[in-house]
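Q: Sequence:
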Amino acid sequence: MSQAQRTDYTRWRMLDEDGKHTWHYLDDDEAVAKWPQTLADKYYLGLPLGLPELPPATSPLETVSNCLTFFSKQQLPPGNWGCEYGGPMFLLPGVVIAWMVTDTHIPPVYAAEIINYLVSHANPVDGGWGLHTEGDSTVFGTSLNYTVLRLLGVEAEHPVMIQARRLLHRLGGALNAPHWSKFWLAVLGVCDWEIVNPIPPEGLAAARLGAIGPMEMRWTAPETDVIRALRRELFVQSWDSIDWAAHRNNIALTDNYHPKTLARRAEDWVSKLVDIEDANSDYPDLASDNAPMNLLVCYIRDGPDSYSVRRHRERMEEFLWVNKEGMFVNGTNGVQCWDTAFLIQAVSAPDRQQIRENCNNQGICYRHFRKGAWAFSNCDQGYGVSDCISEALKAVILLQKEADGYPQLLEDQRIFDAVDTLLTYQNSSGGCASYEPTRGSEYLEMLNTAEVFGRIMIEYDYPECTSAVLTALTLFLKYWPGYRRTEIQAFIHRGVNYIKNAQRPDGSWYGSWGVCFTYGTMFGLECLRPVGENYANSTSVRKGCEFLLSKQREDGGWSESFQSCEQMKYIEHPTGSQVVQTAFSIIALLSVDYPNSEPIAQGIRLIMSRQQANGEWLQEGIEGIFNKSCAISYPNYKFIFTTLALGKFAKKYPNFK
Numbered sequence: 001m002s003q004a005q006r007t008d009y010t011r012w013r014m015l016d017e018d019g020k021h022t023w024h025y026l027d028d029d030e031a032v033a034k035w036p037q038t039l040a041d042k043y044y045l046g047l048p049l050g051l052p053e054l055p056p057a058t059s060p061l062e063t064v065s066n067c068l069t070f071f072s073k074q075q076l077p078p079g080n081w082g083c084e085y086g087g088p089m090f091l092l093p094g095v096v097i098a099w100m101v102t103d104t105h106i107p108p109v110y111a112a113e114i115i116n117y118l119v120s121h122a123n124p125v126d127g128g129w130g131l132h133t134e135g136d137s138t139v140f141g142t143s144l145n146y147t148v149l150r151l152l153g154v155e156a157e158h159p160v161m162i163q164a165r166r167l168l169h170r171l172g173g174a175l176n177a178p179h180w181s182k183f184w185l186a187v188l189g190v191c192d193w194e195i196v197n198p199i200p201p202e203g204l205a206a207a208r209l210g211a212i213g214p215m216e217m218r219w220t221a222p223e224t225d226v227i228r229a230l231r232r233e234l235f236v237q238s239w240d241s242i243d244w245a246a247h248r249n250n251i252a253l254t255d256n257y258h259p260k261t262l263a264r265r266a267e268d269w270v271s272k273l274v275d276i277e278d279a280n281s282d283y284p285d286l287a288s289d290n291a292p293m294n295l296l297v298c299y300i301r302d303g304p305d306s307y308s309v310r311r312h313r314e315r316m317e318e319f320l321w322v323n324k325e326g327m328f329v330n331g332t333n334g335v336q337c338w339d340t341a342f343l344i345q346a347v348s349a350p351d352r353q354q355i356r357e358n359c360n361n362q363g364i365c366y367r368h369f370r371k372g373a374w375a376f377s378n379c380d381q382g383y384g385v386s387d388c389i390s391e392a393l394k395a396v397i398l399l400q401k402e403a404d405g406y407p408q409l410l411e412d413q414r415i416f417d418a419v420d421t422l423l424t425y426q427n428s429s430g431g432c433a434s435y436e437p438t439r440g441s442e443y444l445e446m447l448n449t450a451e452v453f454g455r456i457m458i459e460y461d462y463p464e465c466t467s468a469v470l471t472a473l474t475l476f477l478k479y480w481p482g483y484r485r486t487e488i489q490a491f492i493h494r495g496v497n498y499i500k501n502a503q504r505p506d507g508s509w510y511g512s513w514g515v516c517f518t519y520g521t522m523f524g525l526e527c528l529r530p531v532g533e534n535y536a537n538s539t540s541v542r543k544g545c546e547f548l549l550s551k552q553r554e555d556g557g558w559s560e561s562f563q564s565c566e567q568m569k570y571i572e573h574p575t576g577s578q579v580v581q582t583a584f585s586i587i588a589l590l591s592v593d594y595p596n597s598e599p600i601a602q603g604i605r606l607i608m609s610r611q612q613a614n615g616e617w618l619q620e621g622i623e624g625i626f627n628k629s630c631a632i633s634y635p636n637y638k639f640i641f642t643t644l645a646l647g648k649f650a651k652k653y654p655n656f657k
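Read in order, the letters of the sequence shown are residues 1 to 657 in UniProt numbering.
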């Protein structure tokens, strides 16, 4: 099988059922005729759109108009926008291996497009795969994605496999993979479980004293010819001669981002936590990393024909995405609420996606309050996030209070529920984390078994999350000045102090969820303006502006690479200025009344010059990051933040041409 064996892309359809996105391949012509492709389908798949050229824009508002003419055609029937959320190269293997070992049917069209995607993302120089699509090849990415290709039928002597295997052996083989890879290879039976450092479930059973993590249970899929072949292909030594336990802590330098310096009752408790997570999310779970693991637990415990396994199989479809390169797995089941909330702010309803109740078993499932919250994707996913709540809340308030003729879909009590939940996110530092406040000591990081990620055992403060909450609360007070006013003002005061303390000596803020210092500095500056600080009266604001201006390029744009996040210093993107980072910087400068219009106008000209004749902007560098080391895509940012930057500029400088 090779990359040339593509499916017919005119037969793919993306179904949106109130924010749940699944891809479907139509085999017969009658089904194709009854369900025509939308422009959104064609855009996601990279097919010709056949859209007419628009009149060339001569002003920022005309540029916005052309953008919205294009982007409005991508809006889906429930009102949201969809997009891929790719980048990580370790999520797809977990899903495919979970499918394989649980005897889940893999449609041939899925297999074909997964192969195409992996082949298209093999490193053109060494043939391997990295932690993410723009990263260097690693043992982690190469061992797992090589395994996926073999499981899906690619022969070992295919040129792609030969080159990848050569690199893997040069790096010492799969024995040097991090534990995420070793876990999945042990489940498959390619590695012995002795290579995996045990994490006894007794630790989680004692979590009320100090949370640790699951789990000691060992299970291996039945042996097959492909598994026996992989035992030969993934290692540089004879499989039978390997002392597995001796290699538990062997980690290749390319993968070691963060080097390390009651049994039955406990297993029952871990099993119960799996059930609670499944119930509170209706089975898609938090994301595409833990969902395959929960599927595996249910398959072993409940059996292949159980309700839990069936529901996991159904909901896992929502992680899949198809683009012109093939099929892959998104980081979550979408970014629907997040992108839609931002777009509403840019052009001025997420009412159906608000979470209306707290979790079942709230007291024992270690979950934060969520009543009134919004999740990253949709309400089924069920995890409130501080910045998602904030951006959705701002979108609702702008629509219901500032947009002419818009009906009130959310009564005041639902707004109050969101604010009540937001007020629980602040830490003692004044900052806000993402999913929940910080609950444990940083010493828990000593128990982190994931060599590829750091700072994941507890929650931390983030300037972006803190800023989003502060701007949402200040907007809320504008229309409901009497609701918990004293508490909200105290929250804002503490939050502003945190933001100022988080500013780096060079004037920037580090962005943990976007690339990187331009993103973080946009949020850092945006939240200072509503509390009365601007370029004229604030040292913090002036330092932030001077940092951004020091990074502006001769063409008027800003350029930043995901490597800024890894190395924690500003690194330009090798291809030059990027419209997304340029938009971040312009929004930041405008939000605090930077007085000199010319640097901002130069950035506006660059954004306008990059717009295509049909109103779109082309994809440039990857936009997002998580856990400091893994890049992830936000392709709608090139529409959302450019629109916001252009609109803000046009409002302040209406006569610019």
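Keep in mind the hints are simulated off the structure, nothing from the lab.
Take the hints with a grain of salt, since some may be wrong.
Stated by the list, open to error - Below 20 Å or equal to it, Euclidean Cα-Cα: the simulated SDA-like pairs (lysine to any residue) are:
#1 LYS20 with ARG6
#2 LYS272 with TRP244
#3 LYS73 with GLY127
#4 LYS371 with TYR483
#5 LYS478 with TYR435
#6 LYS648 with ALA403
#7 LYS478 with GLN413
#8 LYS651 with LEU47
#9 LYS42 with PRO52
#10 LYS272 with CYS365
#11 LYS371 with ILE276
#12 LYS42 with PRO77
#13 LYS551 with ARG484
#14 LYS73 with LEU47
#15 LYS73 with THR10
#16 LYS34 with LEU68
#17 LYS652 with ARG504
#18 LYS652 with ALA536
#19 LYS478 with SER591
#20 LYS628 with LYS401
#21 LYS551 with GLU620
#22 LYS401 with ASP417
#23 LYS651 with ALA403
#24 LYS569 with SER550
#25 LYS42 with ALA57
#26 LYS478 with ILE488
#27 LYS371 with TYR435
#28 LYS652 with MET608
#29 LYS648 with LEU68
#30 LYS324 with MET14
#31 LYS478 with ALA536
#32 LYS42 with THR22
Unchecked claim - Listed next, with one range per pair, are the computed distances between beta-carbon atoms:
#33 TYR479 with LYS652: 43 to 49 Å
#34 ASP28 with GLN408: 42 to 48 Å
#35 ARG553 with SER241: 52 to 58 Å
#36 ARG301 with PRO52: 52 to 58 Å
#37 SER72 with ASN249: 49 to 55 Å
#38 ASP593 with GLU487: 48 to 54 Å
#39 GLU314 with SER428: 30 to 36 Å
#40 ALA156 with ASN249: 26 to 32 Å
All C-beta atoms in this analysis are idealised placements derived from N, C-alpha and C, irrespective of residue type, glycine included.
Q: Is the straight-line distance between the alpha-carbon of LYS651 and that of ALA403 20 Å or less?
A: Answer holds: LYS651 to ALA403 is near 16 Å, not above 20 Å.
Q: Quick check on a hinted range of 52 to 58 Å for ARG301 and PRO52, using CB atoms only.
A: holds, 57 Å
Q: If you draw a straight line from the CA of LYS569 to the CA of SER550, is it 20 Å or shorter?
A: Distance of about 14 Å is within 20 Å: holds.
Q: Do the alpha carbons of LYS648 and ALA403 lie within 20 Å of each other, as the hint requires?
A: Distance of about 16 Å is within 20 Å: holds.
Q: LYS73 and LEU47 were given as a pair; does the straight-line alpha-carbon distance stay at or below 20 Å?
A: holds, 15 Å
Q: Below or equal to 20 Å on CA atoms is what counts here, so check LYS34 against LEU68.
A: Roughly 28 Å separates the two Cα atoms, so the pair is violated.
Q: Measure nothing beyond the straight line between the CA atoms of LYS551 and GLU620; if it is 20 Å or shorter, mark the hint as holding.
A: Holds, because 18 Å separates the two Cα atoms, which is no more than 20 Å.
Q: Within 20 Å, alpha carbon to alpha carbon, are LYS272 and CYS365?
A: holds, 9 Å
Q: Verify the proposed pairing of LYS628 with LYS401, using a straight-line Cα cut of 20 Å.
A: Given that 20 Å is the threshold and the Cα spacing comes to 38 Å, the pair is violated.
Q: Range hint 48 to 54 Å: satisfied by the CB atoms of ASP593 and GLU487?
A: Violated - the Cβ-Cβ distance for ASP593 and GLU487, about 29 Å, lies outside 48 to 54 Å.
Q: For the pair we were handed, LYS371 and TYR435, check the Cα-Cα distance against 20 Å.
A: holds, 13 Å
Q: So does GLU314 sit 30 to 36 Å from SER428, Cβ to Cβ?
A: Distance hint for GLU314, SER428 is violated at roughly 42 Å.
Of the numbered hints given earlier, the model fails hints 1, 2, 3, 5, 8, 13, 16, 17, 20, 25, 31, 33, 38 and 39; all others are met.
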